[in-house]
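**Q** Chain by chain, the residues:
2 protein chains.
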Amino acid sequence: MTDLNGYIDREMSRFREELFEFLRIPSVSARSEHDGDIQEAAVWVADRMRDAGLSASVIETPGHPVVLGEWKEAGPEAPTLLIYGHYDVQPPEPLAEWKSPAFEPTVRDGNLFARGASDDKGQLFLHIKALEAQLKGTGSLPVNVVMVAEGEEEIGSPNLVPFVESHRERLACDAVVISDSSMFAQGIPSLLFSLRGLAYFEIHVQGPAGDLHSGTYGGAVVNPGNVLAHIVDSLKNDDGSVAIPGFYDDVMDWEEKTRQAIRDLPFDMAEFEAEVGAPGLDGEKGFSVLERLWIRPTCDVNGLLCGYTGEGAKTVLPARAMAKVSFRLVPDQNPDRVGELLRAHIARVAPPEVEVKIEDLHGGRPWKAELEGSFFEAAQAALRKAFGTPPVLTGEGGSIPIVVDFQEILEAPVLLMGFAPPGANMHAPNEWIPLENFEKGIRAVAQFYAELG
Amino acid sequence: MTDLNGYIDREMSRFREELFEFLRIPSVSARSEHDGDIQEAAVWVADRMRDAGLSASVIETPGHPVVLGEWKEAGPEAPTLLIYGHYDVQPPEPLAEWKSPAFEPTVRDGNLFARGASDDKGQLFLHIKALEAQLKGTGSLPVNVVMVAEGEEEIGSPNLVPFVESHRERLACDAVVISDSSMFAQGIPSLLFSLRGLAYFEIHVQGPAGDLHSGTYGGAVVNPGNVLAHIVDSLKNDDGSVAIPGFYDDVMDWEEKTRQAIRDLPFDMAEFEAEVGAPGLDGEKGFSVLERLWIRPTCDVNGLLCGYTGEGAKTVLPARAMAKVSFRLVPDQNPDRVGELLRAHIARVAPPEVEVKIEDLHGGRPWKAELEGSFFEAAQAALRKAFGTPPVLTGEGGSIPIVVDFQEILEAPVLLMGFAPPGANMHAPNEWIPLENFEKGIRAVAQFYAELG
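So the protein lines, in turn, are chains R and Y.
All the letters of the first sequence, read from the start, carry residue numbers 1 to 453 under our numbering.
All the letters of the second sequence, read from the start, carry residue numbers 1 to 453 under our numbering.
Don't take every hint at face value.
[Stated by the list, open to error] Rough simulated footprint, nothing fancy, chain R against chain Y, three-plus residues with beta-carbon under 8 Å:
| id | stretch |
| --- | --- |
| 1 | 278 to 287 |
| 2 | 376 to 382 |
[As the list claims (entries may be wrong)] Listed below are several chain Y residues computed to face chain R (Cβ distance under 7 Å; list not exhaustive):
| id | residue |
| --- | --- |
| 3 | Ala229 |
| 4 | Thr298 |
| 5 | Asp300 |
| 6 | Val301 |
| 7 | Thr309 |
| 8 | Leu361 |
| 9 | His362 |
Hint data in this document are derived by calculation from the structure and do not stem from the laboratory.
Here a beta-carbon is modelled for each residue, glycine too, at the ideal position from N, C-alpha and C.
Given these sequences and hints, build the entire structure.
**A** In structure tokens:
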């Protein structure tokens, strides 16, 4: 271990510089104008895998490429771990709200600000550096490793499942390790017991063939903006629950033990309120904040667009209106089933004087961990050593759709250890990671390998 | 009359060229980047008034200038008419839906397409040309004339009432004539019996201080997009009526005679449906299409904006949401009162976990004509002669807020004769006017002066 931590001590400033370089590449997967940046990021990741001592290749898919790293010199008797992460990032908008540019990594008070700092470039890269520390610092590794870095996580990983299925042999492993989530609190390492799934839709309402004058036509033409508001409002009840018939049919009731464990966590309500900064908080009646975030499904508007949105008063009766609406799902909900229920519901509430189209943009199943076995125990020990305190078990409100797929296709358990701070502004302006988490993350993952030795 | 129509015959092609020149000036009053174009349009109008034989001045206001034209040589015994119009136009967006550019006047099949062709540059300019035909063609005019062309009609005329009040003596008149409305059908000249008013609001809902990740925070934070949909949906009942308590208190019941006259008009439902191009039509239960458009109030969404509206799925819980919502009003509703009722209603339906702000963008009172007297009879005769068929009396769904103000401040009746075609796409892409209407409009207005002689 002296070699390991000594190597990390010596190389840490270079690791940081490399991370900054990675974060400067605006690899936004949702926007086709960034396709070149996505390619650059993929090649960059492959080069760093090679620096670490892995073999690496950039494998094209019908969308953005997968970077595959491999080190299998531990021999056929040693276990194999698959490390998964993603090198693509969310769009940076709204740009005006960033205190420093989204793609210009900036350190303030020991915290690193940049799009992707936590989600997921920072966490993907600390795995590469942990492997480098093992292979260059100690000269070996007690397990075989396969690394999969994809470039489409933020657009729903449309090509990853086909990739995993067609590379099933090459990706065969005994466990999957993913770092794409948050710690429960700064300084408290965390392992996840659940992830929410996602069902994301775009609802389009088309009324008149073109925009009309709201004076000349208003009152005799059904307004798509009013209809869209009616549809969106019909999705929720006044008690904060989702109003789509059948939506809760597949929602599991968690055992009282889990709900009690959630209640026992040192949750700082005042800090959460300050982080959110809203006039108040509310949600589904009968559940605590953490239960609302981890074990209950949601319905959230992600975007609305209709008519004239510029300065001043344009008296237009708009031809169309659009909403992006998404549902966070919990075990055992299924995004396809939620899509069917949503379509049936909207068909009931939308008037026949408009045309409604519902587009599926993104789907991911929820996940529940099995928390036992040697990998889980090694992870617990490594996190305790690196952070000086044992990890807590937490849920995660966000979605990593690929987790369920890895588990099913590769028939291996998935271990989720997150190093993002709470309130990391993933998907929002001013995304950040404490440099301390980046460093302790490297030490924890390197130690994890040591524990398996 | 030979001189009058002969002059118009001879000069018609020049009149058209001048109108094209006028329409090329992008005098969009709602956008500050067009302030220079507004100035250019004002100076241009003053120059054409002078060409016609009027004295003219561009009078600055705290906003865009008023152009004032005068010809008072008919003597103190002759009546005085005030002609009102506006040289500003609506924003041209969405630009992609224009078949030819909004500010490049283009004639197709005898119809002239450009922003402002009907609303109101085309109709303002035909009055200037009718005066030119009288003063240059016949050498005189049987009445005194004051012309007021403003540059803020499309943003609610914030400075016109103060202008009219402070120029009350100079604007003193026996009747006001306005052409800023449509004909009932192409070829059928129309005089208006009513105009709807307008109350236009921007509703802002602020939730969290900044955009949040919908996975990490969704379920425990009240989403401003969902709240906005709830507020907007709460404004209307399922039967198409407005749901704000007290909204109908001041709505007058029209006498059965008027409702019968409306039903007797040769309304072409199939043509209206084709014009709108929606899958179906609907509105307030118990009223015909024309009643919904002319004598019943409305609630229309004019714009919605919230969160991420670009390509793909961004899983954001937005910090804020905005709706532009406007109400068309009928006698005796008042926009200020509607604003009070709206505020009280939203205070009841919005949850305390968000902050809601309601901004007044535009207000105009509804109007009801008094259809009698020498000016009205002269207008009827002139329209019959120019179009070869007597005018019908119609309502107008749109608003010309200044009509009520002129009537009250100047204590003079207002005569509304519109020359825009039905379906003129005022406030929408591909606004147009038949060149025939421009020409017959000039002849009708010139004849109107002749009738008064």
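**Q** Give a verdict on every hint.
**A** Structure-based check of each hint:
Given as covered by chain R, the stretch 278 to 287 of chain Y passes the check, having 7 residues with a CB less than 8 Å from a CB of that chain where 3 are the minimum. Figure legend: the stretch 376 to 382 of chain Y, annotated as covered by chain R; annotation inconsistent (0 residues with Cβ-Cβ distances under 8 Å, at least 3 required). With a least beta-carbon distance of about 4 Å to chain R, the hint placing Y:Ala229 at the interface is held under the 7 Å criterion. About 4 Å separates the beta-carbon of Y:Thr298 from the nearest beta-carbon of chain R, less than 7 Å, and the hint is met.
Against a cut-off of 7 Å between C-beta atoms, the interface hint on Y:Asp300 holds, since the closest Cβ of chain R lies about 5 Å away. With a cut of 7 Å, the hint placing Y:Val301 at the interface with chain R holds, because the nearest CB-to-CB distance is about 3 Å. Checking Y:Thr309 against chain R by beta carbon gives a least distance of about 4 Å; that is within 7 Å, so the hint holds. For Y:Leu361, the interface hint holds, the least distance from its beta-carbon to any beta-carbon of chain R being 4 Å, beneath 7 Å.
Of the supplied interface hints, the one on Y:His362 holds, with its beta-carbon coming within about 4 Å of a beta-carbon of chain R, less than 7 Å.
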